[in-house]
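Asker: Residue numbers (my numbering), protein chains in the order written: chain A, 1 to 249; chain B, 1 to 164.
Please keep in mind that the hints were generated in silico from the structure rather than gathered at the bench.
Heads up, the beta-carbon is just placed ideally off N, CA and C, and yes, glycines get one too.
Among the hints, erroneous ones may be present.
Here chain A is said to cover these stretches of chain B; the calculated rule only asks that three of the stretch's residues, wherever they fall, bring their Cβ under 8 Å from a Cβ of chain A [stated by the list, open to error]: (1) 92 to 100; (2) 112 to 118; (3) 131 to 143.
Computed Cβ-Cβ distance ranges for the label pairs, DEER-style [stated by the list, open to error]: (4) A:LEU32 - B:VAL88: 33 to 39 Å; (5) A:ALA172 - B:VAL88: 36 to 42 Å; (6) B:GLY152 - A:HIS241: 47 to 53 Å.
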Amino acid sequence: MTPHCRAVLRLADSNLVLAQRLGEWVGHAPALEEDLGLANVSLDLLGQARLLLARAGELEGRGRDEDALAYLREEHEFLNLTLVEQPNGDFADTIARQVLFDAWQLGLCESLAASSDAPLAAIAAKGRAEASYHLRYSGGWLERLGDGTAESHERAQRALEKLWPFVNELFADDDVDREVAEARIAPLPSSLEKAWSARVDAVLAAATLARPAPVPFPWFGKQGRHSEHLGYLLAEMQSLHRAHPGATW
Amino acid sequence: MGAQPALARDPAPEVRARLEGILAQVADPEIPVLSVLDLGVIRHLRYRPDGRLEVGVAPTYSGCPATAVIKADVLRALESAGFPAVAVDVLSPPWSSDWLSEAGRRKLAAFGIAPPGRRGSGPAACPRCGSADVERVSEFGSTPCKALYRCGACLEPFDYFKCL
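Extracted from the complex, chain A is given alone in its bound form (with noise of 0.2 Å):
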């Protein structure tokens, strides 16, 4: 697999897992507004994954499409982020992993609307209005949550300490990040960090919650490795394909 297909397939991958996990959130949130607040934003995200999914398909070029490489692939062959295959805990708790990821998509959004693989642009582009549309939902959550009561500002914050060791994996350049950005498919990921750090910032600031110490501990789920939590999301996500292959509604 060319790094170009694997960069590729490292931001479907990101989108189509968190896509799942929101989803899990349908029927259980705490209020209607935020049962399809968050089904809209998983939609999205799914929206988003079917194109970059179809891209990376074409890309390899072994005639994959976008239900064999979503249903079809194991574990260690999955290439998101390790942020968002955390699982949903509380509110919080997701509200926290959305603005952290939302704010890095936008970044990343607005920087490959430039790329030289013009699919990708065209999608980015899209995308872009989405993801800022997505941060304003997100964030306005954890304002809420910050600048609400002691108990929710005192889960507000426990959900940032928890998930903080996850965001250096958003800006670490690895060999595959080297060769996309000499060919300007796109951006280094460490490129991302300062347009990051001022929006996430931003909302804490308004939310009154303290941004959490850096934690020095890589994770490498775009490389294929996972914490715990991936191998019961996937599990769940494509029983349904295995048992059925072909199924169609």
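Start from chain A and add chain B according to the hints.
Answerer: For chain B alone, kept in the frame of chain A given last:
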């Protein structure tokens, strides 16, 4: 996307007018007062060298399941009027609520859905009583294209076509 056929040609003006007449009758599956033309998702109509008609369709919101239905409805309408066609996705430039036609905006308001304003802004007025005293209830509504608002004057909740 991809290579366009070298010898594609535009339909003659009278054929184009007929095609547009057909498409004006194809309703958005989620907001049936809007046609696919009002929605601004039809990006091109042209003949491929093999004589088949090609329709370029821009997907709306990435998460909108109606996109597939829109394509199928467009093809069915054209086919039954004697124009067998194929649909292709046009991702660039991306669709946004700016592509909604003026007629479409008027139809939305008459239907009770506040039309999208400028980027980042909310609805200008309540579509029922016209009051500008409106507040957002939720960024997300009953379909991917809508947000939920409430009017402070008549107290009715209403949908707002998301500005994205």
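Asker: Hint by hint, say whether it matches the structure.
Answerer: Each hint tested on the structure:
By the rule of at least three residues with a Cβ nearer than 8 Å to a Cβ of chain A, the coverage given for the region 92 to 100 of chain B holds, with 5 such residues. Only when three residues or more bring their CB closer than 8 Å to a CB of chain A does the claim for the region 112 to 118 of chain B stand; here the count is 0, and the claim is violated. Under the rule that three or more residues need a Cβ within less than 8 Å of chain A, the assignment of the region 131 to 143 of chain B holds, with 6 such residues. For the pair LEU32 of chain A and VAL88 of chain B, the supplied restraint of 33 to 39 Å holds, since their beta-carbon distance comes to about 38 Å.
Range check, ALA172 of chain A to VAL88 of chain B: about 38 Å between beta-carbon atoms, so the 36 to 42 Å window is met. Restraint check, GLY152 of chain B to HIS241 of chain A: a C-beta distance of roughly 48 Å satisfies the suggested window 47 to 53 Å.
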